[in-house]
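Enquirer: Sequence:
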Amino acid sequence: MPLFRRSQPPPERRPEERERERAKRAGRRATAYQRLRAATQRVRPDPQGAPAPPPAPVDPPYDTGAAPGASPRVRVIRRQPVHQRAAPPSASDGQEGDPRPAPPGVDGPPADEPAAFSDPVAGADDPVERYDAPPAPPAGPAGRAPLRPGEAGGRGESLPPAPGLRSPARARRFGRSGGGGAGAGGRPGRPAGGRARRRLLAVSPLLLALAAIWFAWSVFEPLKGHGHGRVDVTIPARSSVSAVGRILERQHVVSSGFFFSVRAFVSGRRGDIRPGHFVLARDMSYGAALKILTAKPVPVRAVSVVVPEGDSRREIAQLAHRDGLSGDYLRATVRSPTLDPRHYGARHSRNLEGFLFPATYELPVGTSVSQLVADQLQSFTRRFKGVDLSYARRKHLSAYDVLTIASMVEREAGVARDRPLVAAVIYNRLKNRMPLGIDATIRYVDENWTRPLSSRELRSRSRYNTRLHRGLPPTPIGNPGLASIQAASHPARVPYLYFVVKPGGRGEHLFSKTYAEFKRDASRYRGARTRNGGHSPTR
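Residue 135 in this note's numbering sits at position 135 of the sequence shown; the count goes up by one each step and never skips.
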C-alpha cells in the first residue's frame, strides 16, 4: 500500500457563499486601489496658479499586456483543487505566435475557464489577490527627471508623504532613513533611545565594578588601622550590632555605624560582640574595633576603688593611695583636658571638686590615678546630661551652683527623704538673704568631719564659713551623687528655714519655719548629746 495518501479536497461551498466572498474581496480591492491612487497622484497647486503637468506615460509592468499609461490592474488567481487542475496550455492551444494566454480581467476568468496561473502545491480554491506594480511618479517639466515622491511640479512645492510612509524629518528622528522598510530594500528605522540604551548597557559592567570596589573599600578600610588617642566605651548587655555601631559612631571610634554592622555581618562575628567596658581609640578601622569587641576576656588582676558619695578630693586621694594606684591624685584633679568647670558656670574654681563622680571603679592593678580621674569625669558627664536644671535657672542659679548645693545636701542629709527638704532650706535662705549656717562648709576647710567644731573654727573668716558669709561657698565641698544632684535641682516646696538632727533617730532631721521652733529643737538635741557623753545622739 502507498506510504502517503492524498489529502481529501475540502467540501465544495455553495455558489451564493462564493459570490458573497467574491463581492467582499472586490470591495476591499477597490478601496485599497483608490487609496493607492490618491496617495500617488495627490499634488499641491502651484502658488502662481499653474496646473501641475500631467503625469508622463509609464511603461506597463513586464508581461502584463497593458498599454502604456494604463492604470495598474489587480489580478485574481483562483486556486483549484489538485484533481481539478488543468494541464498548462501549450503553444498549439493559443493563438499562433503568442503562447501566453491573455491576462484575466479584474474579477478573474470566467468560471468555466481554467486559471491563467495555477499553484501546483496548494489545494484550497480560495482566490489569491495579486497586484501589479504601482504607476511611476509623475514626470516633471520638460527636460527634468521625473519628480520624486516628496516633490511637486512648482518651485518650492512638495508632495505630502503617502500614508504609512515616514517623512524625512520623522525618519531622521526615529533613526536612519533608508527608503521604506526591510521589504523595500532599506534598513529598518532604529529609535533614538536604542543608541542610549546600548551605551548604558555597555558601561553598566564598569559602573557595577566601581560600585563594588567602593563598597569593599568602605567596609574593609585598608588604609585605617588601630586609630589614635583613647576612648572608653561601654557596651550594654543584649545590645544589637546596630546599637553597638551607633555607640561607636557617636564616640568617633568608627566613621559609620552602618558599615560597622555590615563588616560584622560579612565576617560572621555579629553575635560575638561582648558587653562591658572597653578601651578603644578614635578613627579605628572596623576590623580593629571588631577584633577588640569580640576578643575573649583576658583574666587580669583588678582592684575595686569605691568612692563614697560626698567625699572630697583629699579623702579620695587617701583611698587611691590605699588601693595601690600610682601617681598623685590631688595633682591629677587640678585640671583636665576633657572637662572645664567654667563651662558649668564656675567663677572661682581652683580644681575639679564636685565633678569627681562617686561610684565603684574596676581598675587593673598598678593603674595610674589619671585613669581613675578620667573614669570619674566620664561618669559625671554621662549622668549629669539627664539632670533638669530649669527650676534652678529660674532662680538664677548655674549648674555649678547646683553642684555646690548638692555637695552640702550630701553632707547634711542622713536619709534619702531629707535631701529635698535640706535643699529647700538652702533655697529659702538664699531667697531671704540669710546666712546658710551649714556647719559642713566649715568642716571642709580643715577636713574635720568627726570631732566637734571648735570656737576658733566657728570664728574663722574663711569664705567657707557660711555662718558669717551669706550666699554659697566658693566651690563644692565634696563630690555629690546623682540623688543629691536631683534634690538640689528640684527642692521640696516647703517654707522651712531651720533644721537640726533628731535625737534618737537614724540620721533624720527636725525642720522648722521659725527661730523659736528651731531653738526648742536645738535644746532637745544638746540635752540628748550631753546624755550620750558628748557624742551624736543618733542610732
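Don't take every hint at face value.
Lysine-lysine pairs mimicking DSS-like chemistry, simulated, CA-CA at most 27 Å apart [said to hold, decoys possible]:
1) Lys395 with Lys291
2) Lys431 with Lys513
3) Lys431 with Lys395
4) Lys296 with Lys431
Keep in mind that the hints were calculated from the coordinates and are not lab data.
All values reported here derive from a predicted model rather than from experimental measurement.
Enquirer: Has the given pair, Lys296 with Lys431, been kept, meaning a C-alpha gap of at most 27 Å?
Expert: violated, 57 Å
Enquirer: Please verify whether Lys395 and Lys291 have alpha carbons no more than 27 Å apart.
Expert: Roughly 50 Å separates the two Cα atoms, so the pair is violated.
Enquirer: Below or equal to 27 Å on CA atoms is what counts here, so check Lys431 against Lys395.
Expert: holds, 9 Å
Enquirer: Between the alpha carbons of Lys431 and Lys513, is the straight-line distance 27 Å or under?
Expert: holds, 14 Å
The structure fails to meet hints 1, 4 from the earlier list, while all remaining hints are met.
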